[in-house]
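Student: Taken in sequence, the protein lines are chains A and B. When we follow numbering that gives the first Met the number 0, the leftmost residue of the first sequence carries the number 0, and every step to the right adds one. When we follow numbering that gives the first Met the number 0, the leftmost residue of the second sequence carries the number 0, and every step to the right adds one.
Warning: the hint list may mix true and false statements.
Where chains are identical, the list cannot tell them apart; a pair therefore holds if satisfied intra-copy or between any two copies.
For lysine-lysine, the following DSS-like pairs were computed, each having C-alpha atoms within a straight-line distance of at most 27 Å [what the hints assert, rightly or not]:
1. Lys27 x Lys14
2. Lys129 x Lys27
3. Lys70 x Lys155
4. Lys70 x Lys4
5. Lys44 x Lys155
6. Lys161 x Lys129
7. Lys4 x Lys14
8. Lys11 x Lys44
9. Lys261 x Lys14
10. Lys161 x Lys36
11. Lys14 x Lys222
12. Lys36 x Lys129
13. Lys51 x Lys261
Calculated directly from the structure, the hints in this document are not laboratory data. It should be emphasised that the depicted structure is a prediction, and the values quoted were computed from it without experimental measurement.
Number of protein chains: 2
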Amino acid sequence: MSFWKKYQTIIKSNKSYVCVGLDSELSKLPIHILETKDPIFEFNKAIIDATKDLVACYKPNFAFYLSQGLKSLESLQKTIAYIPDNIPVILDIKAGDIGNTMANYARAFFQNWNVDAITCNPLMGQDVIKALAPFEDNFAFVLALTSNPSASDYLKPNDLYKKISADISGLPTSQFGAVVGGTNTEELLELRRLMPESLFLIPGIGAQGGSLQEVVLNTLHTKTDARFLINSSRGIIFADSSINFAQVAREKTELLRTQINKIIAEMR
Amino acid sequence: MSFWKKYQTIIKSNKSYVCVGLDSELSKLPIHILETKDPIFEFNKAIIDATKDLVACYKPNFAFYLSQGLKSLESLQKTIAYIPDNIPVILDIKAGDIGNTMANYARAFFQNWNVDAITCNPLMGQDVIKALAPFEDNFAFVLALTSNPSASDYLKPNDLYKKISADISGLPTSQFGAVVGGTNTEELLELRRLMPESLFLIPGIGAQGGSLQEVVLNTLHTKTDARFLINSSRGIIFADSSINFAQVAREKTELLRTQINKIIAEMR
């Protein structure tokens, strides 16, 4: 099933816009998990088992699967395979290269690894996008305005993020969306205006300081299809480091899901 | 030994500014190599054996080591380990993420994989650079102005590449350099003016149409330390697909080395 169809289906079946970020850094895992044979996978498996009826998607970040060399990438592949097929998997890799190089990433991650979507970095221009366009069942979230403080170094001056956003808006909605940092309170409304139909992947809520209320109010598409996925990583998966971490992750996921849905329901 | 020391030493011992790009895509390897147990590694090994006295560095591109899943990444790790220790290895991955995420890339590639340098994408701003700064023995080539046609989409308007270049210029020369596309004939002089001391990694010569003469004349730092690494990938490694591919790769590397040195020698 295509990413887009999975997205449309899961937001209704799980009544959720929550993206759980699987930033499963080995050094941060609970001690009792470190004693298992494949700690990263065991950790992810427990998180997935505890949250799969509450999420809209999972987003593993590639960088956190390199700590033990290829063994950790194997844990990543096992994690992707373990995620139920109806839940979209977004590999956060911020890939940005051209032509055949980018096509190699796409073939590898979409076809061999069975990932539904990736994040990509548009700095090198339309060549990045062109290479992804043939993969019609997959999806790419293009960095439009990130959530980190230094997003203001290059993305904000001369309205670069607006130019990138306008370009994203011209791409097929079912194949391309935008990464929009939830910390950019002042720009959220403008970003939605520039990309009225685009699916937003929104990091930066919670630990990074973005306000959930403002994110939802300013970026909602419609009440039945918000067109956003609100990410929480550490705030969910590392909320507790005891033997109860998965149960606490479930509670945090449920809380975030409820908060988002409540803000939407109360909108006029 | 640090990347910077390796660079300073190899350009003298091998009298070379040639970077051989190991874009060793499985589908493009000579047929007789495909019959070996680990074709990607066997191919690279033959190229390295044939060129190691002629090069300034090797640059494998991460994307081309994903075709067969983790097996190809193992071939990449074997390749990195096989490259003689005095020759710098640049992993072309165009990584661009923040804080702890970027530090994870750095730890993995610099410390576990034993890579000397990476390429990185600065779109997310100084946070990308800050995370790399503590790795003083390593090096990062920051995308300043790439060689592909759509570099003009975001990097050229409003002189974004000039702003990025000025920022690179302010970083320690022994830790940060710039990716400067050889196709940008009109901007080369300006790029060197903006980054007078920085080491340039220059793709785009040959297949992509950049003129070697103009690249050398416009970006040379000094006659004894050019401060550039001129990359050729396909033009060297896939110049011949017969059983003689390694010998032909040697000839192409030697030709490029000679051409560069000749242009430098003839400069006033």
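Student: Quick one: which hint numbers does this structure break? Sort them smallest to largest.
Tutor: As far as the earlier hints go, 1, 3, 4, 5, 10 and 12 are violated by this structure, in ascending order.
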